[in-house]
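In the order they appear, the protein sequences are chains A, B and C.
Using my numbering, the first residue of the first sequence is number 5, and each one after it goes up by one.
Using my numbering, the first residue of the second sequence is number 97, and each one after it goes up by one.
Using my numbering, the first residue of the third sequence is number 7, and each one after it goes up by one.
Note that these hints are calculated values from the structure, not bench results.
Just so you know, even glycine gets a beta-carbon here, dropped at the ideal spot from N, CA and C.
None of the hints are false.
Straight-line distance between alpha carbons at most 25 Å, and here's what the computed DSS-like set of lysine-lysine pairs gives: (1) K238/B to K226/A; (2) K39/A to K238/B; (3) K238/B to K37/A.
Sample of chain C residues facing chain B (criterion: CB under 8 Å; computed from the structure): (4) F58; (5) G84; (6) F87; (7) P94; (8) N95; (9) F104; (10) R109.
Reference listing, derived: stretches of chain B covered by chain C, where coverage requires no fewer than 3 residues with Cβ under 8 Å from a Cβ of chain C: (11) 280-286; (12) 297-306.
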Amino acid sequence: MKSRGKIWAWFFIILGILYFFLPLLATFIFSLKAKLGVLSFTAYVNVFNDPKFIRGFSGSLLWATLTILVGIILFVPTAYWVRLKVPRARSAIEFITLIPFVVPPIVYTFGLIRTYSHPPLLIVDNPMLLVAAYTIISMPYMYRAIDIGLRSIDVRTLTEAAQSLGAGWGTILFRIIIPNIRVAILNGAFLSFAIVLGEYILARYLVKPAFAPYMLDLGQNKAFEPAAAAVISFALTWACMGIISLVGRGREQAPVGGAH
Amino acid sequence: MRDAPQARPARTKRSWAWLGVVPFFAFTLLFLLYPSSTIVSKSFRDSGTGVFTLQNILALFKSPYILGAYWISIKISLITALSGAMFGFVLAYSAIRGNLPRFVRISLLTFCGVASNFAGVPLAFAFISLLSPSGLLISWIKLTGYNPYFHGFTLYTFWGLSLVYMYFQFPLMVLIIAPAIDGLRREWLEASQNLGASTSQYWRYVAFPILLPSLMGTTILLFGNAFGAFATAQALTGGQINLVTIVIGSELRGDVLGNPGIGYALALGMVVIMALAITGYTILQRRTERWLR
Amino acid sequence: MTHLSLNNISKQFANNTVVQDFNLEVEKGEFVSFLGPSGCGKTTTLRMIAGFEVPTTGTITLEDKDITDKAPNQRNVGMVFQAYALFPNMTVAGNIGFGLKIRGEKKEAINARVTEMLALIHLEQKGNSYPYQLSGGQQQRVALARALAIHPEVLLLDEPLSALDAKIRVSLRAEIHAIQRKLGITAIYVTHDQEEALSISDRIVVMYEGKIEQVGSPFEIYNFPTTAFVASFVGTLNTTTAEVVDPATHLLQIDGVQLQAAEGLDDKQKGDKVTIAIRPERLNFITQERKANVMDCTIENITFLGSVVRIQVLVGSNRFYMDTFNNPFLELPRIGDKDQVSCSREAVLVLRQ
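Please put together the full structure from these sequences, using the hints given.
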């Protein structure tokens with residue numbers, strides 16, 4: 005009986021493997037077909053030489069970096085402070101960090117643009133609005149990663165020890181707290197990186213250079229280059245996830261993403 | 097520099113401390129809470145006069161176009177949630193309890209962790225590479241002389257999109273249900289056998305009831321996940337399939353609904369559905385956790 | 007009348023022999039404990055009786071029927087697991103009645119039996135509670151009731167008290183013993199706690215590295231251990247190597263001190279080395295009645311354990327523990343004093359290796 009179950013198990017696993025890998029394989033093979041009759045990396049060369057790619061990709065890199073920085077600057081002190089001094093704010097903050105899960109990106113974008121495209125709050129063209137929006141979208145992951153990191157160190161005792169040795173708040177944060185939650189911060193950072201890099205809606209509707217809108221536009225015009233761009237995107241996402249599991253060392257499983 | 101914090105008397109320390117969380121609240125207020133609340137408030141306001149009204153919301157139910165959009169969104173979310181849940185569960189159970197080598201489980205969980213993030217534009221392109229008229233799988237099938245596209249098959253429909261959605265649905269299921277399956281202790285199976293139960297009786301009376309809240313909760317989560325998806329549909333079908341998210345996207349580009357207030361109501365409707373989904377999921381998860389303490 | 011018998015049972019996993027040459031006959035209504043350290047094979051043997059493991063060789067007979075190859079859900083043995091294993095989705099009543107429900111009993115019959123069981127374990131009010139609402143001790147009692155509800159031939163208990171607090175362990179093991187006596191059911195009890203085994207068993211099977219070391223009543227096992235392992239595992243023990251001086255008169259010597267044993271040197275010759283053991287409570291100070299063996303010693307340490315005072319003495323180069331009942335008016339020696347301890351000839355146990 006056990007062996008019959010095993011056959012079924014293998015059947016489903018293989019089915020799953022096929023379903024996972026065939027699209028990826030197809031994308032990869034498709035991306036190699038740019039030159040007629042021979043498999044080559046021409047499509048990739050075209051993409052890397054495309055000024056729009058450079059604009060889009062470097063745009064996404066820029067937004068991701070800024071988002072991560074804003075996230076660290078905003079969430080680390082907040083999470084630290086809540087743990088240490090204002091535990092009663094905890095449930096309100098946790099609730100807020102979960103709102104982006106409930107509000108789909110398109111709806112959030114809708115609200116954001118409608119709010120900020122009318123005077124007196126006409127900041128819809130400001131690139132920093134995009135960074136702020138990305139910070140909000142990655143907040144459930146970034147804040148939680150930081151919070152989990154803080155949970156695993158005894159924040160109160162470390163702070164008191166540092167204070168008894170004469171440290172001020174800045175020293176405590178930068179030289180004691182942050183170094184000890186390095187792994188958690190990296191975890192959150194790489195996840196935010198993957199999210200921002202793959203994000204389409206905000207970039208498109210706020211009309212800012214980014215990788216995903218570039219890919220979509222590419223899909224309207226070219227046949228093989230989009231596949232190459234997709235492979236690049238997959239490789240980057242994979243790399244981020246891989247680094248997260250390496251860096252995380254299996255402590256807390258990488259939070260799951262979702263649909264876009 | 098600053099005063100040492102201990103220097104402050106206890107009472108004042110408490111009220112000053114709240115200052116520390118002001119940046120966070122200010123930021124989220126500006127960029128999350130306020131924009132979200134305008135969706136709610138503007139849904140109840142007439143777009144021309146600003147007067148409170150329920151017309152926007154009622155208009156949702158009066159417009160066949162909008163009702164159709166909700167119906168398609170609900171349909172695809174339901175189908176991909178149920179299929180994703182079933183396939184994901186079977187996959188997770190096979191890897192964890194199917195007596196397979198250990199690397200299968202680890203690889204499956206790793207890949208699902210990555211795949212659940214693979215949504216959006218690149219995913220659409222991946223399936224196009226596979227199943228478009230010149231896609232890889234279609235080419236292989238064409239080698240047999242049969243062209244699916246000549247017989248009515250096409251990727252760019254509701255069913256094609258459902259197939260693509262599955263790609264991030266069942267990894268999510270696997271990841272969330274795996275701990276629950278782990279939680280099925282071997283002793284429960286042995287205790288039930290010891291008391292005379294066959295394998296199917298074990299499933300019927302013990303394993304399935306224990307897993308049910310988790311299964312239901314995750315299915316609901318998958319529903320919400322599909323319901324809010326936009327970029328994948330946009331990239332695959334160019335906005336041809338009328339999902340609620342696509343309609344909202346069109347509304348953003350230019351008022352296609354004839355009344356801005358309806359756009360807000362549409363968005364509000366989405367938030368309500370998502371909130372219900374998340375609440376349902378949370379309640380069911382808590383139930384499971386309570387049992388499995 | 008033999009109720010359960012295990013004949014030449016052995017179990018091998020890959021290249022690892024976990025149980026070997028296991029032979030045991032259990033009477034109906036007997037309470038037998040399998041006692042031994044982790045990895046000695048006691049749980050594996052129990053699981054073979056339950057049907058969760060299949061013996062590599064040997065047969066198991068219950069009520070004169072061979073059950074060796076029977077599936078675990080057809081054996082009519084009731085098992086209590088270390089981790090309780092109550093079904094979390096069912097109430098206490100649901101758990102207890104589960105075996106009967108599977109057998110297709112009528113609802114009234116099931117309810118009656120469940121009520122009966124709840125009374126047996128003194129949890130009459132908890133029928134509608136869920137496992138997560140009960141304490142560990144309560145959950146284990148429900149597990150016991152669940153196993154007994156199906157009128158099993160044998161009750162199997164796999165370290166049922168290991169997960170519980172010390173106090174609950176003591177009261178619950180007494181309860182288990184009382185219930186077993188009341189119902190007259192055959193019981194096999196696996197434990198690594200020798201105090202548990204000693205206090206409630208009719209017979210103890212001491213196991214080590216997959217083999218039976220000794221089978222006997224608690225009295226026999228404690229007072230007349232036949233192997234070094236049994237002697238050291240059950241109770242505290244002073245062991246040392248002695249040299250045979252005269253096998254005929256059972257004379258030994260350790261570090262120049264002569265000791266008389268009562269038996270056990272029949273196959274030894276002068277000059278042989280044997281392992282001897284003396285229970286701490288069999289050593290006395292010389293002020294009490296004079297026994298056969300007298301040893302000079304130095305007092306090294308005195309530990310007050312409550313009802314017992316444990317004195318650590320040095321005899322030659324051997325460190326011995328001596329237990330004496332606590333008595334407020336007892337004059338204890340001081341550390342560093344030179345004194346003498348004695349024990350009877352029967353107290354000197356010669357151990358088979």
